[in-house]
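Colleague: Here is how the chains run, residue by residue.
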Amino acid sequence: MLTLDALREYGADVDEGLMRCMNNEAFYLRLVKMAVADNDMEALGQALQAGDLGRAFECAHSLKGVAANLSLTPIYGPVSEMTELLRSRSEADYSGLYDKAAAALKDLTALCAE
Amino acid sequence: MEKRALKPEFRRTVLVVDDEAINREMLGALVEDTYDVIYAANGREALEIIEDHRETLSLVLLDLMMPEMNGYEVLDRMHSDPALRRIPVIVLTSEKQAEIKSLQLGASDFIPKPYDNPDVMLARINRSIELAEDASIIQNTSVEDLTGLYKKSFFFEYCRQFDLHNPGAAMDAITININRFRLVNEITGRAAADAVLAEIGRAILEELKGSAGLACHPVSDVFFIYREHLDDMHGLLERITEHVRRVSQSSWVHLRMGVYSNVDRDMVIDSRFDRASLACDAAKHRYGDPVVFYDDRMHEDQMLAGRLVEDFEEAVRQGQFIVYYQPKYNIQRSEPALSSAEALVRWKHPELGMVSPGVFIPLFEENGLIMKLDRFVWESAVSQMASWKREHGYSIPVSINISRIDLYDPDLEAELTGLVEKYGIDTADLYLEITESAYTDDSRQLVESVTRLRSCGFKIEMDDFGSGYSSLNMLTRLPIDVLKLDMKFVNNLSDDPKGIKMIELIMDIAKYLGLIAVAEGVETAEQVAILKKAGVDIVQGYYFSKPIPGGEFEELLTSRAAGAGGRS
Chain A
1 MLTLDALREY GADVDEGLMR CMNNEAFYLR LVKMAVADND MEALGQALQA
51 GDLGRAFECA HSLKGVAANL SLTPIYGPVS EMTELLRSRS EADYSGLYDK
101 AAAALKDLTA LCAE
Chain V
1 MEKRALKPEF RRTVLVVDDE AINREMLGAL VEDTYDVIYA ANGREALEII
51 EDHRETLSLV LLDLMMPEMN GYEVLDRMHS DPALRRIPVI VLTSEKQAEI
101 KSLQLGASDF IPKPYDNPDV MLARINRSIE LAEDASIIQN TSVEDLTGLY
151 KKSFFFEYCR QFDLHNPGAA MDAITININR FRLVNEITGR AAADAVLAEI
201 GRAILEELKG SAGLACHPVS DVFFIYREHL DDMHGLLERI TEHVRRVSQS
251 SWVHLRMGVY SNVDRDMVID SRFDRASLAC DAAKHRYGDP VVFYDDRMHE
301 DQMLAGRLVE DFEEAVRQGQ FIVYYQPKYN IQRSEPALSS AEALVRWKHP
351 ELGMVSPGVF IPLFEENGLI MKLDRFVWES AVSQMASWKR EHGYSIPVSI
401 NISRIDLYDP DLEAELTGLV EKYGIDTADL YLEITESAYT DDSRQLVESV
451 TRLRSCGFKI EMDDFGSGYS SLNMLTRLPI DVLKLDMKFV NNLSDDPKGI
501 KMIELIMDIA KYLGLIAVAE GVETAEQVAI LKKAGVDIVQ GYYFSKPIPG
551 GEFEELLTSR AAGAGGRS
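Each protein sequence line maps, in turn, to chains A and V. All residue numbers for the first sequence refer to the numbering used here, where the first residue is 1 and numbers rise by one. All residue numbers for the second sequence refer to the numbering used here, where the first residue is 1 and numbers rise by one.
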């Protein structure tokens, strides 16, 4: 079962995220689980693979917004960096950042499944 | 947590727009204790909801980056629709650089994502709603529903604000009136008249688009416009008139306009519009051109009028009003013979000199002072008649002017008979001149009043005959003894054979009705000859004599040749 402690250990800024949820623990945890179930990360990967940087920007932007709201720092970091690069449609190598973000999401998914 | 910034009479509704379900839920949770919440996942959905709830929606929390339709487009659409513009929008985005554009597009606030503190967030939401509601209250109290224009007090205040923010701008104050609005109101009914007022308001607002200015509907058919200087005022008036006639299908609409151009910025706003309105009043009497520009002469006239009204009481007390007598001559004898006189008032002002009755009489007619002045003239004339009778044994008929407003005075009859008794003159020697247009005003009541006077023994003289609209049919039923032709008939005599024919026709009517005919404004021997030939009995005018003081008239009386004592 997902707990605040587990999220803290994971690296999320739990106090900040909780505050945005009016310190309603159950609500916060439910939203984190919703984030995990979201398929934006998958969509981002597909867009990057297809070289559709516009679409990739939209996906990264969405992910960034959700991660920021819930203070999911491990995901927010790489996604935010990617968003800024994609904003100017830079032909950079995104694989490193993407893998990092995807791995962070995978970790969170694992936490939720526990 | 602070929740009660707003009065809780009812729960307001907030729309949360975000393509991410998680963000929607978070925002919803934030506001749901205070507000009812509706959700939209993209701009298109949001706009549909906004349209459906345009009356009741209190605020929109708007994300910018969304599929289908983005937040900018929503802002843009809302801003261009007056009904939606009142709904405040807070933009919430992680795009920090979007702030300026959002505010330019009409967002009332901008909060970067992720927001830090829910309490701050809620407080800002509350504040935006409050501000918008206050603005809406001001809008509703300052703007009139019917025309969409400002109410008077707000208009003057906004004009002052406008001046403060636009120092040095050349501005015009404009007044627009509807010709004969009261009559039209009665004929077409209130609803049709209101529709016209509403369309004038709309046309004015349309005209103000793209130019600096504002407008007001202070009262009834009066409109004020305060705008940057414009040269083509006729064009402006024509466009407004054309719009109103077309849209409200009211071909009867005729507008007039008074313009105080390039206003004096040191003058208070109300006075600027007094000037425009003064010009607009002048347009009422100026046929052909519906636009009149205020000029300093108008101002001088107005100042003079104010002074004359102010000085009136003092003038009466100090005897500055003097009654003159213009002799009337019977021309149907072998030699013209002095027959009677008309009593005319003159004002010898200690500082202004002789003030023309053409200036002060219309003025006193307007404000009712004429009643007092008339009574002064009547008594002076009757007392003079008594003195001539007493000292020289002459009973000479004198005409006095009865103003329209006097005819509404229930004591008129008693006053006039009282005067005659007091001074011991013959009632039949007092002629009462009543202008033709008085009969057409409110004919029944006035005709009754005149009939009573005539039955007392006074002779009734219809003044200015032919200047108004009295019908010939009416003439047969009116209680009159003398028909006094309007001056313009005499003016037209010399160069116009039709003018002569017209006089002859009127004389036929006068003879048929047994009326004595008088012509005034007679200046030449030629006119006298024509009038004599046409059968006019009595003439008055500079050819014989201008109005003269009582003393001079007395000399004329005593020196008149054999055959004197002629009665008209």
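There may be inaccurate statements among the hints.
[What the hints assert, rightly or not] DSS-like, lysine-lysine: derived pairs with alpha carbons at most 25 Å apart: (1) Lys501/V with Lys533/V; (2) Lys113/V with Lys33/A; (3) Lys100/A with Lys113/V; (4) Lys498/V with Lys511/V; (5) Lys96/V with Lys113/V; (6) Lys498/V with Lys532/V.
[Said to hold, decoys possible] Interface residues of chain A toward chain V, partial, derived using beta-carbon atoms under 10 Å: (7) Gly17; (8) Cys21; (9) Asp40; (10) Val66; (11) Ala68; (12) Ser80.
Calculated directly from the structure, the hints in this document are not laboratory data. Using N, Cα and C, we set each Cβ at its ideal position, and we do this for glycine too.
Colleague: To test your reading of the hints: which numbers does this structure violate?
Modeller: none
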